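So the sequence lines, in the order shown, correspond to chains A and B. Residue numbers for the first sequence follow the working numbering, beginning at 1 and rising by one. Residue numbers for the second sequence follow the working numbering, beginning at 141 and rising by one.
For the record, the hints were derived by calculation from the structure and aren't laboratory data. Accuracy of the hints is not assured; some may be wrong.
Stated by the list, open to error - Think about it this way: if two alpha-carbon atoms lie no more than 30 Å apart in a straight line, the pair counts; the simulated DSSO-like pairs of lysine-lysine are:
#1 B:Lys-295 with B:Lys-235
#2 A:Lys-64 with A:Lys-109
#3 B:Lys-295 with A:Lys-35
#4 A:Lys-64 with B:Lys-295
#5 B:Lys-295 with A:Lys-109
#6 B:Lys-232 with A:Lys-109
#7 B:Lys-147 with A:Lys-109
#8 B:Lys-235 with A:Lys-64
Claimed, not checked - Over 12 Å on every C-beta distance to chain B, these chain A residues come out as not near it, computed from the model:
#9 Arg-5
#10 Gly-21
#11 Arg-22
#12 Ala-24
#13 Ala-25
#14 Asp-26
#15 Arg-29
#16 Arg-40
#17 Tyr-56
#18 Leu-61
#19 Gly-63
#20 Pro-73
#21 Cys-113
What the hints assert, rightly or not - Incomplete in silico selection of chain A near chain B, CB under 10 Å:
#22 Leu-19
#23 Tyr-62
#24 Lys-109
#25 Ala-111
These numbers were taken from a predicted model, which means no experiment stands behind them. We treat Cβ as the ideally placed atom computed from N, Cα and C, and that holds for glycine.
Below are the chains, spelled out letter by letter.
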Amino acid sequence: MASHRLRLTPSADTAVSDLRGRPAADWSRLEPELKAQGCRAAGYRLLAADGSWSAYCCKHLYGKWRVISTFEPGIVWVIAVAEHDCAELYKRLSHELGIAGVGRGREQKPACCGEAGWPTTGTTRAGRAITSVPHSPLRR
Amino acid sequence: MAATLPKPRQLQRIAALAHLDAEELRIEIENEQATINVASDLPALTLAEFSARLDSLARLTDRLLQTLDVPIGITVEQAAERLDVTTPTVRKWLKEGLLRRVEGRKPIEVDPRSLIELQRVLATVRVSFPARQWSKALSAYLHDRDLQGQAWFVKGRDEFERGEFVER
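Starting from the given sequences, assemble the full structure and let the hints guide the process.
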């Protein structure tokens, strides 16, 4: 039984409608999971520009397809669904920093919900704007 | 296009003004420290008083930054020393966009604000992940920065901020 409402931004909705093949099949599985489990099904939490938690999570579908989401009480917001071609990024990193070789992807994937549950960055859009992140996600 | 630099005489005046502002800032901070040191004997600051003092420091800092608003950055060597990395690494990070360069400056100079931003991230990453581990955290940071800078991500986020949605 769904415990969360699912809202897609118009661009995410269009992207989902255009999915074909395995990414579409992955989305078909993910959609009920998001409704039932909320952030527990939403992949890993992204880092913000200052190194603290971002308000967004990332779930991988087949290939390079990514589902970006955020949450309000009882509501799952799917912000974007798109391909993230990070091969070039990792290629550069691999060459220049000697880290994260091509195809290895992002090594650290902290749970979307976080240790204290979702959200750690405010329950609403307004709240997120004024609530400081109480801890660094990189500090464990 | 090359940035127009102040003449040496103008730079001297700018440096003198910046020195003046820095001195004032230091005195303000010393005063605040003295206040904190005797705080146990005084009633606690109200939020409004504390806010007013922070405003005063912010005004001084703004003035200092205005004085120093000349298109001169940090040398690659200075940046490397500050970030505790090698100069080739600084040059690589400039290519990556992790650091910004000051336009029109040769040899290459690093934008001070981008250096401070990166320094903060590196400080966090290094404390949490000693030795080589911190570079993995940096990799995650770079990945997420890249992801969240994608046009499709920004578009979706803007739609979300405007409250536009399709219920499913």
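Structure-based check of each hint:
A hinted pair counts as satisfied when its Cα atoms are at most 30 Å apart, and Lys-295 of chain B with Lys-235 of chain B qualifies at roughly 26 Å. Of the pairs offered as hints, the one joining Lys-64 of chain A and Lys-109 of chain A holds, with about 16 Å between alpha carbons and a cut-off of 30 Å not exceeded. For the suggested pair Lys-295 of chain B and Lys-35 of chain A, the alpha carbons sit about 23 Å apart, so the restraint of at most 30 Å is met. Of the pairs offered as hints, the one joining Lys-64 of chain A and Lys-295 of chain B holds, with about 18 Å between alpha carbons and a cut-off of 30 Å not exceeded.
Between Lys-295 of chain B and Lys-109 of chain A, the direct Cα distance comes to roughly 24 Å. Compliance with the 30 Å bound is thereby established for this hinted pair. For the proposed pair Lys-232 of chain B and Lys-109 of chain A, the alpha carbon gap of about 25 Å is at most 30 Å, so the pair holds. Between the alpha carbons of Lys-147 of chain B and Lys-109 of chain A the distance comes to roughly 52 Å, so the proposed pair goes past 30 Å and is violated. The hinted pair formed by Lys-235 of chain B and Lys-64 of chain A meets the criterion: a straight-line CA distance of about 24 Å does not exceed 30 Å.
Its closest Cβ contact with chain B, about 7 Å, brings Arg-5 of chain A to no more than 12 Å, contrary to its assignment away from the interface. Listed as a non-interface residue, Gly-21 of chain A keeps its Cβ farther than 12 Å from every Cβ of chain B; the least gap is roughly 19 Å. At roughly 20 Å, the least C-beta separation between Arg-22 of chain A and chain B is larger than 12 Å, which holds for a residue marked as non-interface. Look at Ala-24 of chain A: its CB is around 14 Å from the nearest CB on chain B, clear of 12 Å, so calling it non-interface holds up.
The claim that Ala-25 of chain A is not at the interface with chain B holds, since no C-beta of that chain comes within 12 Å of its own (minimum 17 Å). A cut-off of 12 Å between C-beta atoms confirms that Asp-26 of chain A is not in contact with chain B; the least separation is 16 Å. With a closest Cβ-Cβ approach of about 14 Å to chain B, Arg-29 of chain A is found to remain outside the 12 Å limit, as its non-interface label requires. Every beta carbon of chain B lies more than 12 Å from that of Arg-40 of chain A, the smallest distance being close to 19 Å; the non-interface claim holds.
Look at Tyr-56 of chain A: its CB is around 7 Å from the nearest CB on chain B, not clear of 12 Å, so calling it non-interface is violated. Annotated as non-interface, Leu-61 of chain A keeps its C-beta farther than 12 Å from every C-beta of chain B; the closest such distance is 14 Å. The Cβ of Gly-63 of chain A sits about 15 Å from the closest Cβ of chain B, beyond the 12 Å cut-off, so the non-interface label holds. With a cut of 12 Å on Cβ distances, Pro-73 of chain A stays outside the contact zone with chain B, its closest approach being about 15 Å.
With a least beta-carbon separation of about 17 Å from chain B, Cys-113 of chain A lies farther than 12 Å from that chain, consistent with its non-interface assignment. For Leu-19 of chain A, the shortest C-beta to C-beta distance to chain B is roughly 13 Å, which exceeds 10 Å, and the interface hint is violated. A hinted interface residue such as Tyr-62 of chain A counts as satisfied when its beta carbon comes closer than 10 Å to some beta carbon of chain B; here the least separation is about 17 Å, so the hint is violated. A cut of 10 Å between beta carbons decides the hint on Lys-109 of chain A: the least distance to chain B is about 8 Å, and the hint holds.
Taken as an interface hint, Ala-111 of chain A does not check out: its beta carbon lies about 14 Å from the nearest beta carbon of chain B, beyond 10 Å.
Violated hints, listed in ascending order, are 7, 9, 17, 22, 23, 25; each of the other numbered hints is respected by the structure.
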